[in-house]
Amino acid sequence: MKGLIARARRVPSWQLTLAAALLVLGFLMVAQAGAQPSLVQYTTQERPPLVATATELQQQQDDLKAQILALRAQIEQLEASSAGNSALVTSLNDQLEQARLAAGFIDLQGPGVVVQLEDSTQPIPPGAAPGDYLVSSSDIRAVVDELWLDGAEAIAVNGERITATSGMTDIGSSILLNGAYLQPPYQIVAIGPRDLYTRMTTSASFAQYVKARVEGFGIRLGAGSLDKAVVPAYAGGVALTYARALPASPSPATSPGVAP
Amino acid sequence: MRSRRAQLTIAIVALLLGFLSIVQLRAQAGGVGLANLTSQDLTTLIANLNQRNGQLSAEVDTLRTQARDLQQARSLGVSAVGGLREDLASIRLWAGLDPVTGRGVTVDCTGPMSADAANDLINELRLAGAEALAIDGVRVVASTVVAGPPGALSVENVALGSSFQVSAIGNSINLTAALTRVGGIVSQLQVTSPNVQLAVSPENSLVLPATDRSLIPADARPRL
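Line order of the protein sequences matches chains C and R. Numbered per the working numbering, the first sequence finishes at 260, counting up by one with no gaps. Numbered per the working numbering, the second sequence finishes at 224, counting up by one with no gaps.
Calculated from the structure, these hints are not laboratory results. One should not assume that every hint holds.
[As the list claims (entries may be wrong)] Quick list of simulated restraints, FRET-style, between CB atoms:
id	chain 1	residue 1	chain 2	residue 2	range
1	C	A19	R	T44	48 to 54 Å
2	R	I46	C	V24	36 to 42 Å
3	R	E203	C	Q74	36 to 42 Å
The structure presented is a predicted model; accordingly, all values stated were derived computationally and were not measured. Every residue, glycine too, gets a C-beta built ideally from N, C-alpha and C.
Next up, chain C with everything else stripped away, as it sits in the complex (with noise of 0.2 Å):
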């Protein structure tokens, strides 16, 4: 044992910094080669093209939704200096800034709650479902759901803002929310009370969500409180086709929601 130390140290410097980076050589090559047979997989005609075309697609998204959220800033910043009675568009612009709060257009800072949900890595079990073992839309939901009656004011996915039309579905193994494409890990961040962390941990249908999934199929839960989480501005459209304001509504509604 000691002649292997005093041999080790007769060793040049360099050639153990080589050998460490030999290692890790070796190691990302094994690990490069392991991810090729994914790509592989591109062996059908009608793949490749589906593949980039879907790509392309959530390319254009991500840039309508930037589009969108500056076009946002902007009509907020003209609407703010513009012309007109001022006490009135004083009073107009504090009640659309309330009701840009209310919609969810404006992004969040507060204290809350991060949870991240993974798919399973137990062996799936001879006749089991493969799908239980694989993070779905009803377990982001049922997060969800728990995080809003514990006191959530506000909830994103990904980044994605949950509103009043958020819906999310199941495709393939990753699922869909606001018509966006997300895939695992999900994190689902919210911004509520003080001790929501304490409110989620501590209910009762927490505990029985906890005990069939993760117990139950191994899904990979985590969760953390934390001081400034931060939920983003909902990116998206909202106009309205078939819903309309009350012809003798309260508020100063002129005009009917007229969708394009």
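Following the hints, put chain R in place on chain C, whose structure we already have.
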């Protein structure tokens, strides 16, 4: 001399290492999820993305017009109060702060329905494009969740009886089709809870109340 050769070797290895790390990271970040999708899922995804992008692009057009009108009013020194009022009304309507009317569907739910099933129903209606929702006269907003044991459900602290009605404003054909399709929520419930009945009927004119919630965050602040 030997140390220079050593340095050179290490430099080359480090270069390779860096290159491979980036390749590896790229491979993991790019389209792993898409690569896992079947052709059928990809087609569904493309249809969804197309539809959503169409809506987003229409919103961009609306907002551009709105911004241009505001700019014009400002450069002319004209009052923009009308535009501000319209904007306020449309945001309030969408957010659920004002009552709303329009055609759509009602879903009469009878029997010991579970809270999960009720929340699934709301989710299905949202996915099918419902623009406004209410449960027994309680307007559904983002944070509205049905809770409680079957037969004793409640929503926003309002108890729901053994039967209750969900109203949804939107395209009644799409909404009905989404609920009654093969494998949809109505047929699922027929199998899992035969005592629960859902009756979907189209309505020409529904009136949904405004939410009772303030929706103004108390714990959250605008991020500056």
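key: Cβ separation of I46 (chain R) and V24 (chain C), checked against the hinted range 36 to 42 Å   = holds, 39 Å
Status of the given 48 to 54 Å range, CB of T44 (chain R) versus CB of A19 (chain C) = With Cβ atoms ~50 Å apart, the hint holds.
query = If you check the beta carbons of E203 (chain R) and Q74 (chain C), does the distance land in 36 to 42 Å?
reply = holds, 39 Å
When each numbered hint is compared with the structure, no violation occurs for any of them.
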